[in-house]
Amino acid sequence: MLRPVTLARRIKLSLFLAAGGKDERAPIEHTKWMERALKGAGVPAESLYFPKKGHGFYTAPHRRGSPTRVLAFLSRQAGGSTAKPVAAVSSGSARMTRVVR
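For the sequence shown, the working numbering assigns the number 254 to the last residue and increments by one with no breaks.
To be clear, the hints were calculated from the coordinates, so they are not data collected in a lab. From a predicted model like this one, the values you see are computed outputs, not experimental measurements. Ideal placement from N, C-alpha and C gives every residue a C-beta, glycine not left out. Some clues are possibly wrong.
[Said to hold, decoys possible] Now the in silico label distances, taken between C-beta atoms and shown as ranges:
id, residue 1, residue 2, range
1, Glu-177, Ala-231, 14 to 22 Å
2, Lys-175, Ala-231, 29 to 37 Å
3, Gly-218, Arg-162, 14 to 22 Å
4, Arg-163, Ala-213, 32 to 40 Å
5, Lys-165, Ala-213, 32 to 40 Å
6, Gly-232, Pro-180, 32 to 40 Å
[As the list claims (entries may be wrong)] Below 20 Å or equal to it, Euclidean Cα-Cα: the simulated EDC-like pairs (lysine to aspartate or glutamate) are:
id, residue 1, residue 2
7, Lys-192, Glu-177
8, Lys-205, Asp-176
9, Lys-205, Glu-182
10, Lys-165, Glu-199
11, Lys-165, Asp-176
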């Protein structure tokens, strides 16, 4: 049987792993195994664990935290910088804004 952890040494790029401790589809232990295998193979890996969450991060703190970490990881990998956080828009006054660079 082919398992992802057996392929860790073939991976050449940094990886970002995220998992929830109550995930029944992809148990958190599988992600931890993969993280250990990657690091053991010298592959840079960054992880984000939510011990009390399932498959998907749907609560407000997780929706704010996980995209921020993912974007910071991607920015570092691409050699760029991250944007500064902006104030949250209240749920009753949502509006579109356009960013011009």
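Status of the given 14 to 22 Å range, CB of Ala-231 versus CB of Glu-177
violated, 34 Å
Lys-165 paired with Asp-176 [C-alpha distance capped at 20 Å]:
At roughly 27 Å apart (the allowed maximum being 20 Å), Asp-176 and Lys-165 break the hint.
Arg-162 and Gly-218 - C-beta distance against the hinted 14 to 22 Å:
violated, 31 Å
Regarding the pair Lys-192 and Glu-177, is the alpha-carbon distance no greater than 20 Å?
violated, 25 Å
Quick check: does the Cβ-Cβ distance between Arg-163 and Ala-213 fall within 32 to 40 Å?
Holds, at about 38 Å.
Is Lys-205 within 20 Å of Glu-182, Cα to Cα?
holds, 13 Å
Whether the CB-CB distance between Lys-175 and Ala-231 falls inside 29 to 37 Å:
holds, 32 Å
Quick check on a hinted range of 32 to 40 Å for Lys-165 and Ala-213, using CB atoms only.
holds, 36 Å
Does the alpha-carbon distance linking Lys-165 and Glu-199 stay inside the 20 Å limit?
Given pair Lys-165, Glu-199 holds - Cα atoms ~14 Å apart, limit 20 Å.
If you draw a straight line from the CA of Lys-205 to the CA of Asp-176, is it 20 Å or shorter?
holds, 9 Å
Take a look at whether the Cβ-Cβ distance between Gly-232 and Pro-180 falls inside 32 to 40 Å.
holds, 34 Å
Checked against the numbered hints above, the structure breaks hints 1, 3, 7, 11 and satisfies the rest.
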